[in-house]
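Protein chains in written order, with the working numbering: chain X, 1 to 275; chain U, 1 to 330; chain Z, 1 to 270.
Bear in mind the hints are in silico, worked out from the structure with no lab data behind them.
Backbone N, C-alpha and C fix where the C-beta goes; we use that ideal spot for every residue, glycine too.
Just a few of them, taken from the derived set where beta-carbon distance is under 8 Å, the chain U residues facing chain X:
#1 Ala51
#2 Pro73
#3 Glu74
#4 Met80
#5 Phe82
#6 Ser84
#7 Ala86
#8 Phe88
#9 Phe99
#10 Gly100
#11 Met103
#12 Arg104
One-sided and incomplete, this derived list gives chain X residues near chain Z with beta-carbon spacing under 7 Å:
#13 Leu11
#14 Pro13
#15 Val21
#16 Val26
#17 Leu83
#18 Val109
#19 Ser113
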Amino acid sequence: MWRRRTTGLLLAPGLAVLALVFLYPVAVTLVAAPAGVDDGGLADRLGALAADDHIWRAAARTVRVAALVTGLCLLLGLPVGFLISRGPPRRRAVLLALAVFPLLLSTVVRTYSWLVILGRTGLLSRALTGLGLAERPTQLLYTETAVVVGLTQLFTPLVIITAYGAFAHVHPDLEAAARGLGASAGSAFRRVALPLALPGVLVGATLVFAGAVTAFTTPLLLGGTRTPTLATLLYDYANVTVDWSSAAAVALLMTVIVLAAGALAARAPAKAAPS
Amino acid sequence: MAAVVRLDRVRHTFPGVVALDDVELTAPPGRLTALLGPSGCGKTTLLRVVAGHLRPAAGRVLIDGRDATALPPERRDIGMVFQSYALFPHLTVAGNVAFGLRMRRLPRETVRRRVGEALDLVGLADQAGRRPQELSGGQRQRVALARAVTIRPAVLLLDEPLSSLDARLAVQMRGELRRVQRETGLTAILVTHDQEEALELADEIAILDRGRVVQHGAPQEVFRAPATRWVAGFLGYENVLDIPGKGPVAVRPEHLGLLRPGDEAPGDAHVVDGTVADVRFRGTGYTITFRTAEGRSLVAVSPDDGLAPGAPARLYVPLSRAVGLEGRST
Amino acid sequence: MTRRHPVVGAVAAVALTFLLGPILLVVGVAFTAGDTIEFPPRGLSLRWFAQALSYGPFLEALRTSLLVAVAGTVLALALGLPVALSLNRGGARPRGAIGTLFTLPVVVPELVLGYALFQTLMVTFRVSAFGALLAGHTVLLLPYAVRVTGASLAQADRSLEEAARGLGAGGWATFTRVTLPVIGPGVAAASVLSLVTSFNNVPLSLLLNGPGTTTLPVAMLHHVEFAFDPLVAAVCTLLLVLAVVVMLVTERLAGFTDVLARQEADRWRP
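Let's have the full structure, built from the sequences with the hints guiding it.
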């Protein structure tokens with residue numbers, strides 16, 4: 001058995017750093033005012049929130065984009081995750097490696113490719129003019145659609161991995177049983193595999209939603225200043241216009257949205273989850 | 001309703017293994033056919049081919065004369081009880097049993113009635129609202145059975161249905177299984193590695209070894225006259241010895257008789273001399289290993305000990321119990 | 001083969017193309033002989049690679065990135081492994097609450113954390129930009145260190161440690177000679193995860209920016225914002241190669257996908 005003192009000594013440095021470099025700064029920035037900064041704290045922040053139409057438009061766009069991205073990621077990621085979970089070992093290893101690989105790359109690298117595709121002289125624009133579908137080169141960048149496309153590519157691997165894990169835990173005999181009882185392949189997936197994998201899939205969806213709400217690089221590069229999200233707005237307030245009160249207000253709003261999504265997801269699957 | 005299942009030169013391979021080697025087999029209507037064999041003999045693969053979960057590399061599956069080889073599982077009209085039971089954990093007992101009926105888009109009232117009938121049949125009417133994971137092993141097994149028979153399938157497939165139960169319960173459930181099969185009159189195929197289970201339950205037994213059917217017949221016939229040395233060994237004919245004029249024969253341990261000093265062997269018996277090598281207690285009696293003069297090892301069972309290792313002993317083999325092995329393949 | 005729905009395969013093919021296609025496109029762009037981001041490339045040349053490898057700001061940023069990633073990983077492990085030990089072996093209570101506390105840095109948006117650290121550490125406490133950057137990365141990596149090593153500890157057979165104690169090993173000897181070797185793969189996995197996470201991070205690095213603390217992704221981001229040449233495409237290609245190497249090495253060392261594959265290898269056997 002361990003002595004209490006040993007346990008305490010092991011825990012203390014980690015806790016101290018966590019408190020000093022995380023808990024204190026975040027708490028102070030979100031709800032109080034740091035000393036030496038011209039900022040009146042929470043009241044000021046809420047005032048800034050209420051007054052600033054800009055923030056609310058960005059918030060609406062952020063949530064809209066994140067919801068759309070979550071849906072698209074599920075649409076693309078679920079079949080891949082399912083396929084991987086049911087494949088022969090060799091195929092499973094290869095597909096899983098391919099799906100995981102993008103996660104090793106910086107968001108800058110992964111978003112950069114869309115500049116090549118969506119830019120005015122990009123692949124898509126030239127394809128459109130080449131096919132006679134557009135008369136002049138089209139700018140597809142700096143639109144909400146571009147942000148959605150970029151974020152979907154960014155986050156689909158998360159759904160693939162979580163869906164794979166969830167489906168791998170559904171015994172294939174269950175689908176075989178459903179098929180034998182008269183369910184088509186699609187029906188067996190919808191009525192058996194999917195409901196059983198739902199808690200895991202929901203975790204993936206929450207990760208994607210939270211990631212899309214807080215994503216920064218992609219909206220910055222693909223959305224530009226014309227389509228600000230909460231993240232790019234926060235950066236703008238903090239670094240460009242140096243409006244610290246508004247920056248803190250946006251930070252607070254962003255944190256609340258992410259935590260709310262997490263809390264909502266944590267409650268939802270209780271009904272469907274098999275023990 | 002009961003259908004004939006016929007397998008026509010069915011072949012299937014996994015990387016490096018021939019799982020099914022041109023299997024020919026007919027399961028007659030309304031009867032229970034057991035596929036008996038050790039693990040890895042291909043019996044579960046065969047069942048998955050019949051159910052349609054696995055497409056054979058070659059050969060045909062005929063259900064009631066109709067070629068079903070290319071049919072997906074949901075269009076084969078087959079009820080299957082899985083070794084793992086494969087009960088849907090997100091559905092109640094009633095929901096599990098109703099699943100196949102709902103897939104057939106039967107009216108709500110019909111579904112309700114037939115679920116009730118099926119649960120009555122297996123004695124679980126009072127458990128309808130519970131989840132599978134709240135049930136005992138035996139109860140789960142009954143739910144799986146009810147779910148399979150309630151769709152009134154052409155064929156009932158049972159994949160080691162009793163192997164996840166503890167020994168006593170498994171024996172008890174054999175009767176239940178047999179009763180349900182008789183009452184429903186379904187053609188059934190049972191996969192098992194347990195010869196006692198196969199002998200007790202089946203109308204016919206097919207013995208599989210390395211992807212081939214090596215013997216097929218009535219339980220008594222298969223048991224009394226194993227077709228090959230391998231089948232004889234698999235069915236518990238542990239002793240092989242030479243009888244002058246009869247060649248090599250196989251004998252079960254319980255058919256070897258022990259002669260006391262002064263006892264006379266029955267007329268139609270062959271007598272062997274040897275020494276006791278080992279005596280082991282096994283509850284109802286003793287398992288005794290003998291070493292014969294030619295150096296063979298023979299195993300017999302005896303109700304009392306009174307024998308010590310090293311003691312000389314005489315054994316006799318009733319000729320009617322000796323299965324001749326001459327001319328039989330290994 | 002078992003029967004599968006054809007639609008599933010089709011959607012999967014589309015999804016993987018969508019995931020990987022654009023990344024491969026960048027490789028094509030990097031080999032252009034022209035001056036703009038363009039695909040297909042206008043002539044082939046290695047000039048942008050040559051330029052990327054001699055471009056001062058990127059080289060300096062790479063140095064910063066590597067330094068922060070390695071130092072942050074070492075610090076996070078040095079702090080996180082003891083925490084994981086105290087939670088999984090030392091009986092620290094309340095275990096759930098402490099565990100949750102250490103996952104918070106990945107729950108709070110990185111941009112918010114970056115802004116908070118900028119405000120408090122750099123503005124209020126006048127910590128240097130590099131100090132703040134390193135502190136930020138350390139605290140961001142701490143959850144991975146605690147969770148991944150903690151999972152290894154939870155999986156490791158405790159009776160091994162009890163056996164060592166019974167054979168006369170003290171607490172420290174048991175840790176270094178039994179516990180650490182047993183959870184070695186977990187520590188390795190946590191290290192790789194931390195290095196990759198830190199090296200690729202943008203939000204923290206961007207907000208905790210100061211003279212000489214620009215990391216590579218931030219330098220690339222700035223470059224892309226203001227110039228439209230294929231220089232970044234060349235860097236992306238080099239990073240892609242690096243990622244492939246990391247993937248292969250971790251696969252070789254930790255057998256990441258292999259373990260997953262073996263786990264269920266025999267499922268379709270008869």
